[in-house]
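Bring the two chains, given one by one in their own frames, into a single complex with the hints.
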Amino acid sequence: MTATAMTVSPQDAAKYEEKEFGFWLYLMSDAVIFACLFATYLVMVGNTAGGPTGKELFSLERAAGETALLLFSSTTFGFAAVALSAGERSRVLLWLAVTFVLGAGFIFLEFGEFAGMIAQGAGPDRSGFLSAFFTLVGTHGLHVSIGLLWILVMIGQVVVKGLTVPVASRLMRLGLFWHFLDIIWVVIFSVVYLPGLL
Amino acid sequence: MEQELFGRLTIDSLPFYSAIAASGAAVTVLGALSVMAVITYFGAWRLVLFDWVSSIDHKKIGIMYVMVALVMLMRGFIDAAMMRSQQAIAYNNEGYLPPDHFDQIFSSHGTIMIFFMAMPFLSGLINLIMPQQIGSRDVAFPFMNSISLWLTTAGAGLVLVSLVIGKFSTAGWTGYPPYSGSQFTPGVGVDYWLWAVLVSGVGSTMSGINFLVTIIKCRAPGMTMFRLPLFTWTVFVTSILMIFAFPALTVACGALMLDRTFGFHFFTNEAGGNMMNYINLFWLWGHPEVYILILPAFGVFSEVVATFSQKRLFGYISLVLATMAIGILSFTVWLHHFFTMGSSARVNSFFGTMTTIIAVPTGVKVFDWLLTMYRGRIIFKPPMLYTLGFLVTFVIGGLSGVLLALPPIDYLMHNTTFLIAHFHNMIIPGVLFGYLAGYMFWFPKAFGFKLNEWWGAASFWCWIIGFYLAFMPLYVLGLLGMPRRMEHYEIAAWQPHLIIAAIGAFIIFLGIVCLGVQLAVSIRDRKQALDLTGDPWNGRTLEWATSSPAAPYNFAVLPQVQSIDAWWDMKARGVAYERPKQYEDIAIPKNTFIGAVIGGAGFVLGFAMVWWIWWLAILSLAVIFAAIVIRASDDDTDYVMPASEVKKIEDARFAQLAKAPKNEMADDPGFAGDPAPEPAT
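The listed protein sequences correspond, in order, to chains U and X.
Take the first sequence: its position 41, counted from the start at 1, is 41 in my numbering, and no numbers get skipped.
Numbering-wise, my numbering comes out as the position in the second sequence, counting from 1, plus 198.
Here chain X stands alone, though its shape is the one from the complex (with noise of 0.2 Å):
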């Protein structure tokens, strides 16, 4: 009976085994009580729930997507910096941590990077600045855009509660079998893991599609594909990775929970599995992985090297190409993570080839940023900051990329250190680079206030010191033949690298420290900085025509595009800040808590398997399938805004920019001296 009600869920499944775990799950509890201590004391229970969990508006889906990323990166980086820490103590004895904890702590701070803060990060950022980048009032499927940010929060706090509730996965963040296998890991470890990933994961398929009908069907008149704003191609490029590369991680991870929740033999060790099939599968997504993570990050350099080096984007067509090519290239390397699988030299040699090829359009993009500001008038803010930090450091990893590209150098680093150390020297600098970039370029449009410039400046001093001191020993580690995840060791030449990388490991802690403090500051002294006019850096494409923060319809009457860098264009033309004539009725999609429901049931679905409680999970099957055809039976999902209330918001707006104090940087004399004109196409 027990057994029937609770599955294999027991009161032993609570971390009182060790002090270390205990204390885990007690922040991960304190932390979710006073957030909700936080909302009641401010009475904000109302606003919380029904202008934000049940908001459809793109603008407050990205911002949400934005908080999951930012909570997941602290908890990912708590994981790293005890792996850091246990690394620098461990040699010749045991550390603080013992290896199950060890394993669990590399494994979930993998996952959690890559899926719960890169991954939310990404599409918060999309979600807030595509749409208005591309003249559209939303993204195409509002409400689909809502289930996906909950079933995206949905595996988040799968991996959150498995500190609470049993353990997480001891088997990395690639959970490659035999040993993510039943027979030689039971336990729910890595049941928490593969469920966190599949819920997640069909939201990002979900994303993908939404977001691809909007850059096609949703553009703005006058917006064709050859003025579309750089960050918005590569949103393109990646929505259709996201697309067609996921299925290949819901297969890979659907078999593999076959294998272990039904005893089905696709990967195990006997009765005809096939190991390697898994380590195809997760890679065949994999791969295009770090292309969905990094185009957009592409995006937003290109968008800050632009504005803040005041000059058209070099080479628009070459980057649009390159992305392109990028898009394309990125499903033929997928092999080159697993070279020494055995695979003919044949084999090896053309996915090398093709890895030493993929880093070609990437070298295309260097070059054109580099042009771009070349005889530019640099504005050293923030954004830019990350940009030119990410110029110099990214170039270094993809050096190390491309001898890791070559079979038999592949061969000697495997599995080492050489190998972390060249992915975090693309993943840092690449992608969390440009999405702190982008944070700071977009935060005023999303708040309506500036974030604070030297603490901005501070956070990146203290990252970029921090991620070489932190990485580049880990280049040496490897050479010196240290392997990878390794929880203690006996060679005394190791240790001194590992004491620098747990001090670079720390002021990457300061750096965030700083990105909090720049929050707090800025939050306090808001009123000082800002953002009348919605467009604060004198910027070149829409997203800077709406107000800061956008009215709920953005544009209340949709721009003409006329040429790309369409409002640096309007600016020119001094058609920019027009007065509409008339405005009419906009009808908007309404709130509702469907998208939440089918969120919490998915949660509670991956939940119910993990622990095998069979009831639970077929009852929130039952409650998603209920929530999708109530929504589907609804034809009445819009309200209509009448033209008087659009006109009593436009008014306001007129009003403020008409009080608004000159922007510092269209001082600037070269402003209206660079018309933007077309490429040739």
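For reference, chain U alone in the conformation it holds in the complex (with noise of 0.2 Å):
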């Protein structure tokens, strides 16, 4: 399949800005939720009720394998979206794959953290200041979960379908998430790791 080959109707590509416009709006929304989780979050660090401080429990190795795995997948997505407007099927699907594994990287990074602060009597209930610290960075790792399944679904979508107009569209608006969602964790970075281990 080729680019020529996705012509699209006026009323066709009217529908499909119609939806990339709902999806902003709807990131805009999403945006909001973690402004507040981020306010949150500045409200309650220094809650720690006598348990263990930022400083105590963050590890700067894994924070910065899980940045650079997130931002290398954001990179490959955008590989993917290269290929995509190439019209290239087989690497639309290769690149994908990669970002799920790197994706995959790096819930598998968090899931670790997190266990390892449970095991340790710093879980989620023990202080306001871990609250907020597992509700915020939990939630964005939420997204990125439902961003995966979103991932082999559009493989499975590539696979069957191939790159018609309706798949490619879907696959812009998951790379729009995608991308989202490493700003969101270039927030938290700067938020929540560098000043809780400065």
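Worth flagging that the hints you see were computed from the coordinates, not collected in a lab.
Remember, predicted model here, so these are calculated numbers, not experimental data.
Yeah, the Cβ is synthetic: ideal placement off N, Cα and C, and Gly gets one too.
Treat the hints with caution; some may be incorrect.
[Unchecked claim] Chain X residues, not near chain U, derived (Cβ > 10 Å throughout): (1) Pro-213; (2) Ala-223; (3) Tyr-377; (4) Ile-414; (5) Met-423; (6) Phe-442; (7) Phe-444; (8) Thr-554; (9) His-622; (10) Ile-689; (11) Asn-789; (12) Ala-830.
[Claimed, not checked] Mimicking DMTMM-like on lysine to aspartate or glutamate, the simulated pairs with C-alpha atoms at most 25 Å apart in a straight line are: (13) U:Lys-15 / X:Asp-834; (14) U:Lys-15 / X:Asp-832; (15) U:Lys-161 / X:Asp-832; (16) U:Lys-15 / X:Glu-782; (17) X:Lys-415 / U:Glu-20; (18) U:Lys-19 / X:Asp-836; (19) X:Lys-415 / U:Asp-125; (20) U:Lys-161 / X:Glu-843; (21) U:Lys-161 / X:Asp-834; (22) X:Lys-845 / U:Glu-20; (23) U:Lys-15 / X:Asp-836; (24) X:Lys-415 / U:Asp-30; (25) U:Lys-161 / X:Asp-298; (26) X:Lys-365 / U:Glu-18; (27) U:Lys-19 / X:Asp-833; (28) U:Lys-19 / X:Asp-832; (29) U:Lys-15 / X:Asp-783; (30) U:Lys-19 / X:Asp-783; (31) U:Lys-55 / X:Glu-468; (32) X:Lys-365 / X:Asp-298; (33) X:Lys-788 / U:Glu-17; (34) X:Lys-415 / U:Glu-88; (35) U:Lys-15 / X:Asp-566; (36) X:Lys-365 / U:Asp-182; (37) X:Lys-788 / U:Asp-30; (38) U:Lys-15 / X:Glu-843; (39) X:Lys-415 / U:Asp-12; (40) U:Lys-19 / X:Asp-298.
Right, dumping it as structure tokens:
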């Protein structure tokens, strides 16, 4: 399939534009959720109730690793988008798969971090600070997990349907979602991990 | 094993511990059963399921929303009547409601009236009218619209189920911690409240996105932003508020849910919780919510006042700007809900000042409506009566609001019935009268016949007289120092006022009865009140250009808009009922049950989380995920109505138009003389 095969009628083009605009609005709404969670975290960061602080719990190596995986996954998704506009189906599949592996690696590291903290008695029920931490970072992780499921569904759609116009439009929105999560992570890294460790 | 299967749900959760609770449950169950019996009696299951439940037509979704709202209005009113009667008799005795039950009643009254009466009523009117007003064939995302409807219904269902299985919250409609935390309020009541709010809140966020995209992307050719009818403008701002305010509610309630269910410490007394954070987050949503509710009602008033004064709306641009200003300012006043938190005087005076400023654009609107009526030919139909009642009553409520905006006065009046009187004085005339005016104004558009006007006027008089009797005494009681939410009291001076308030509630009850009678009489006499033209009030905006009820595609040919008051302008230019030369194929979205399945799974998810039935919660999440994937993999969601069928429907419409008696209001000599010039932008 080549790019020229993906011609769209004006009505359909308008439909896809509506969907993309609607998705942007959803992302803005989601951004407000994260804004509230960030504000809550900053209000509660000192409320350790005698429990461990961020300095004792966070590991810069792990946070850096998570960051690297997520940022690279954004890049590889970018490659998938390039392949999509070139209409090269197998390369789209390849880069989606790579993005999935990197994203799964991120979740694996984050899961390990959470499990380690809970094992040493620093779970979300320990203090207000840890409740806010687990909820903020966990909400981001939940989004990434949903993104991973979405990538799997899209791999399935590309395999079964090919790079049709609706599939391409969904891939574009998945891309918006994935890059949005990257931006949120950059803020998490700068608001949670860096000040916690410095 | 039993605990794994049923969580904390046991046979003791059924309400056999109290006669009043058991009869409430019985009414709920019998109500549901009798609805099913009626559907079975008329053999209408196919119709209900395949034409309505699975419908993603914005008009049918709108009607279903309003039906949910009217049912919940009755439930919320029963709560109100129980509170008023309890307080009328509970001087120096316990009355008939024990405290635990009384607390559930005021909590469910507020929750129902805000989340499950006002929100669905508003979404219903918007769905029904806004796409037709902008000359569109549907909302931007018809399927997501269906999800929103069924999630809202799922939330309402959770509140109703709490009557039968378990109890409802006793923490008020705002659910303040630490009282609402598991330490002080174990049990399922607060969890029911939380999940009802969370599930329906997701639906409201999606509605906001849907409406905003529709207004920005789906307008008819020539319908520029500054030609939008005012109702659509208010929907525009309300949608923005929905998108940006509801996330704060989701976070506040989600965090409280984590506290209660998983032992987190967001808002607890110990272990570093911070309960004021909840109250900030809650009102960061809560204050914009007030405007989410009232702006579309302002839009209804604007349409009604122009139509029934037979004049162009005065100050269109100033009304638009005032709406925008309210939208922005609504995010800057939330702290006035808790001046007594103990912020510094500087913080309190900032929010007090902003609160008085937000009254200014509302005042602008009141003057615009008054000047629209000035020298107009006013026709006193029921929607106009509600509008006039609103104008007078709302201003009184606004003045008491400006009083409460001053922090020193708020310290005195906080948590008294003065506050209750104030916000009911805003919400009943402002929101509810607006929605009822919209209901009577647009009913012919939805069903093709007009509502009985005598019973409509009767309902108005009962509502307004009842309102004054029920709430003016609460101002006095607040000044006498009566706190809100009192189950019984020992001060003799309060009782006469509370008895008057109870009489007022009874008159409001008569108003609700009149609404029911109006509907029944109108259905019986519908043949005499048919709306054959689609334009029963000599309307001004495009929703009156369609037939009543509108065809599935609304407009066979998209209208060309040349001015504000587009329909009035088309009538004045004599092009209103022009027959198009040819029709084209129209793509219409196919019905689907997936929206209802997602709503049903949302209900089960909420129920499972309330009772800690984890396997069921996971199962319902899996169902939601599967439903979304199935829908997202379906590229064949529309069917095409061929031009020949469009022609058949339109031919029938023009035959009906030819037969229609001339519009009673179009005979007015003022009709042709006011061609609605463009505003100076």
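Consistency of the hints with the structure:
no.: 1; hint: Pro-213; in the structure: holds (32 Å)
no.: 2; hint: Ala-223; in the structure: holds (35 Å)
no.: 3; hint: Tyr-377; in the structure: holds (18 Å)
no.: 4; hint: Ile-414; in the structure: violated (7 Å)
no.: 5; hint: Met-423; in the structure: holds (15 Å)
no.: 6; hint: Phe-442; in the structure: violated (6 Å)
no.: 7; hint: Phe-444; in the structure: violated (7 Å)
no.: 8; hint: Thr-554; in the structure: holds (26 Å)
no.: 9; hint: His-622; in the structure: holds (29 Å)
no.: 10; hint: Ile-689; in the structure: holds (41 Å)
no.: 11; hint: Asn-789; in the structure: holds (19 Å)
no.: 12; hint: Ala-830; in the structure: violated (7 Å)
no.: 13; hint: U:Lys-15 / X:Asp-834; in the structure: holds (14 Å)
no.: 14; hint: U:Lys-15 / X:Asp-832; in the structure: holds (15 Å)
no.: 15; hint: U:Lys-161 / X:Asp-832; in the structure: holds (11 Å)
no.: 16; hint: U:Lys-15 / X:Glu-782; in the structure: holds (18 Å)
no.: 17; hint: X:Lys-415 / U:Glu-20; in the structure: holds (11 Å)
no.: 18; hint: U:Lys-19 / X:Asp-836; in the structure: holds (16 Å)
no.: 19; hint: X:Lys-415 / U:Asp-125; in the structure: violated (46 Å)
no.: 20; hint: U:Lys-161 / X:Glu-843; in the structure: violated (32 Å)
no.: 21; hint: U:Lys-161 / X:Asp-834; in the structure: holds (13 Å)
no.: 22; hint: X:Lys-845 / U:Glu-20; in the structure: violated (34 Å)
no.: 23; hint: U:Lys-15 / X:Asp-836; in the structure: holds (12 Å)
no.: 24; hint: X:Lys-415 / U:Asp-30; in the structure: holds (22 Å)
no.: 25; hint: U:Lys-161 / X:Asp-298; in the structure: violated (58 Å)
no.: 26; hint: X:Lys-365 / U:Glu-18; in the structure: violated (43 Å)
no.: 27; hint: U:Lys-19 / X:Asp-833; in the structure: holds (14 Å)
no.: 28; hint: U:Lys-19 / X:Asp-832; in the structure: holds (15 Å)
no.: 29; hint: U:Lys-15 / X:Asp-783; in the structure: holds (17 Å)
no.: 30; hint: U:Lys-19 / X:Asp-783; in the structure: holds (23 Å)
no.: 31; hint: U:Lys-55 / X:Glu-468; in the structure: holds (22 Å)
no.: 32; hint: X:Lys-365 / X:Asp-298; in the structure: holds (10 Å)
no.: 33; hint: X:Lys-788 / U:Glu-17; in the structure: holds (21 Å)
no.: 34; hint: X:Lys-415 / U:Glu-88; in the structure: violated (31 Å)
no.: 35; hint: U:Lys-15 / X:Asp-566; in the structure: violated (38 Å)
no.: 36; hint: X:Lys-365 / U:Asp-182; in the structure: violated (43 Å)
no.: 37; hint: X:Lys-788 / U:Asp-30; in the structure: violated (29 Å)
no.: 38; hint: U:Lys-15 / X:Glu-843; in the structure: holds (24 Å)
no.: 39; hint: X:Lys-415 / U:Asp-12; in the structure: holds (13 Å)
no.: 40; hint: U:Lys-19 / X:Asp-298; in the structure: violated (48 Å)
Hints 4, 6, 7, 12, 19, 20, 22, 25, 26, 34, 35, 36, 37, 40, counting from the list given before, are not met by this structure.
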